Amino acid sequence: MMRPKLALILAVSLTLLAALLALGLAYILS
Amino acid sequence: MNDNSADIAKAHQPTHDKPQAVIAHGTVIILIAVAAVVAPFAVILTGARPPSGGPIWDFSMGLGFGALALLALQFFMTGRLRWITHPFGADIVYLAHRYLSWGAILLMMGHFALLYVFHEPALGVLNPLEARWELTSARLAMICFLALIMTSEFRKRLHLRHEWWRALHLTLAVVGMIAAIAHVLGVGNLTDTQGKRALWLGVTAGFMGILVYTHILRPGFQARNPWRVVANTEQRGGVHTLELAPEGRGLHHWKPGQFAWLKVERSPYSLIEHPFTISTAPEKGPNIAFSIKPLGDHSSALAKTPVGARAYVDGPYGAFSIDRLAEAEGIVMIAGGVGITPIIANLHALDARGDQRPVILLYGNPTWEEISFREELEAMQAKLDLTVVHVLDDPPDLWDGETGKIDDETLARQLPDHTRDWPHLLCGPGPMIAALTASLKEMGVADSHIDYEIFELV
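Top line first, the protein sequences correspond to chains H and L.
Numbered as in the numbering used here, the first sequence ends at 30 without a single skipped number.
Numbered as in the numbering used here, the second sequence ends at 458 without a single skipped number.
Hint data in this document are derived by calculation from the structure and do not stem from the laboratory.
As the structure is a computational prediction, the values presented were derived from the model and not from experiment.
Incorrect hints may have been included.
To spell it out: a stretch of chain L is covered by chain H in this simulated footprint if at least three of its residues, at any positions, have a beta carbon under 8 Å from a beta carbon of chain H; those stretches are [as the list claims (entries may be wrong)]:
hint : segment
1    : 34-41
2    : 67-75
3    : 439-451
Here are the simulated lysine-lysine pairs, DSSO-like style, with alpha carbons at most 30 Å apart [unchecked claim]:
hint : chain 1 : residue 1 : chain 2 : residue 2
4    : L       : Lys156    : L       : Lys293
5    : L       : Lys293    : L       : Lys304
6    : L       : Lys18     : L       : Lys284
7    : L       : Lys405    : L       : Lys156
8    : L       : Lys156    : H       : Lys5
9    : L       : Lys18     : L       : Lys383
10   : L       : Lys293    : L       : Lys383
11   : L       : Lys405    : L       : Lys441
12   : L       : Lys18     : H       : Lys5
13   : H       : Lys5      : L       : Lys405
14   : L       : Lys441    : H       : Lys5
15   : L       : Lys284    : L       : Lys304
Computed beta-carbon distance windows for the label pairs [said to hold, decoys possible]:
hint : chain 1 : residue 1 : chain 2 : residue 2 : range
16   : L       : Leu398    : H       : Ser13     : 52 to 58 Å
17   : H       : Ser13     : L       : Lys18     : 23 to 29 Å
18   : H       : Leu16     : L       : Thr204    : 24 to 30 Å
19   : L       : Leu129    : H       : Ser13     : 41 to 47 Å
20   : L       : Gln20     : H       : Ser13     : 20 to 26 Å
21   : L       : Arg139    : H       : Leu23     : 53 to 59 Å
22   : L       : Lys405    : H       : Met2      : 47 to 53 Å
23   : H       : Met2      : L       : Asp355    : 51 to 57 Å
24   : H       : Leu23     : L       : Arg224    : 48 to 54 Å
25   : L       : Ala198    : H       : Met2      : 51 to 57 Å
In this text, a Cβ means the ideal position worked out from N, Cα and C, and glycines have one as well.
Chain H on its own, in the form it takes in the complex:
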């Protein structure tokens, strides 16, 4: 079953993306 895995991958990826963007923001601003 691929669909539940897709849900998990999507949620983890979006969370990591948000965290990485936060890091990027800190890097750019400081």
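Fit chain L to the supplied structure of chain H, relying on the hints for placement.
Frame of chain H; chain L shown alone:
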């Protein structure tokens, strides 16, 4: 098929969902979700670069904005917007909502924890009477979101009735989201320009818009398009089939095996509704049927619905359909008890379309007499290339078929090697699905060839 049913079949003949089209559609939605997460950061960095509060401070602010972006997405994921649910299936969108809520809370706690450890004076006092309102607002948001997760993960252990949980979920989500946005705008960090404020006001308008659509406009549409229960037939196995006729506009673009949320003898605005598979095929006409097994909860009351009762239907949703299997050479279907309903709908559709692809159905039941739709399946065997293998817990005398529960040995005996590349559609109790999925994988069936629907998330 007579002329009339041929016309109906033609009118309802859905186009197969081409795999490439479904993947492209899903990709577009995922890209929009990614853009929604990137947007606040892009807006913050437009125009004059804002002053830094130090790397940890800035990282914490970034986590806060990231959390809010994920929270805003949640409203779009749970609004039952068919354009969003179509490629994945509504169950998977809800599952992603559940996982993503953990992501959002992690980012939110990170935002708070970094400030608490490294910039504690900025948090001020805890007492709401003395604290700055925008910081109290943040604490309120955090309490709401933590309560949301706890009441959802532990609803059953908390003995929280589904309808109360839903009302609480909605209230906490709205209060939490308004408090979070008020916090962002009130604190004013990185929201100092009109454009940046407009982004968050836009987010507010977006999520409020979804709520208005989901809880006011869509039920309003349902109120103008009610359904009438025209038959309640008891099937074998205690299953009751409710047949509903549309009194307004019927279901649109409905696919075999899909489900709908059903409200019977309640306001269309009520939060009390339950998902049921539509057990008839679209080709059979505008009337739809739900087959319901009384299991001691809401289903017991629904099974007793009198003829003439008014109903409201929110659907169709779901991707558990042969319309997704246009390229399959044959199909394996496995059902436990009342899990037969989406399978029956798909078989009816194969029948109506004259689809002669081979189907092997393994169907588990307690006894011979309790096999729901037994006669219907026998009739379909005469018209389709359908092999039905009944598996009985308590077989009658002289039974020479399969006995016990459907397990790895049943699968090995009944599924020839050439079926490994066929799609396997499973529907039944959770433990059965889990066990059979593992067995099928061990037999060499690829993950992508196993599908089931997740009905109970909370």
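How the hints compare with the structure:
no. : hint                           : in the structure
1   : 34-41                          : holds (count 4)
2   : 67-75                          : holds (count 4)
3   : 439-451                        : holds (count 4)
4   : L:Lys156 x L:Lys293            : 21 Å, holds
5   : L:Lys293 x L:Lys304            : 10 Å, holds
6   : L:Lys18 x L:Lys284             : 23 Å, holds
7   : L:Lys405 x L:Lys156            : 27 Å, holds
8   : L:Lys156 x H:Lys5              : 25 Å, holds
9   : L:Lys18 x L:Lys383             : 26 Å, holds
10  : L:Lys293 x L:Lys383            : 27 Å, holds
11  : L:Lys405 x L:Lys441            : 18 Å, holds
12  : L:Lys18 x H:Lys5               : 21 Å, holds
13  : H:Lys5 x L:Lys405              : 27 Å, holds
14  : L:Lys441 x H:Lys5              : 15 Å, holds
15  : L:Lys284 x L:Lys304            : 24 Å, holds
16  : L:Leu398 x H:Ser13: 52 to 58 Å : 57 Å, holds
17  : H:Ser13 x L:Lys18: 23 to 29 Å  : 26 Å, holds
18  : H:Leu16 x L:Thr204: 24 to 30 Å : 26 Å, holds
19  : L:Leu129 x H:Ser13: 41 to 47 Å : 42 Å, holds
20  : L:Gln20 x H:Ser13: 20 to 26 Å  : 22 Å, holds
21  : L:Arg139 x H:Leu23: 53 to 59 Å : 25 Å, violated
22  : L:Lys405 x H:Met2: 47 to 53 Å  : 26 Å, violated
23  : H:Met2 x L:Asp355: 51 to 57 Å  : 24 Å, violated
24  : H:Leu23 x L:Arg224: 48 to 54 Å : 50 Å, holds
25  : L:Ala198 x H:Met2: 51 to 57 Å  : 39 Å, violated
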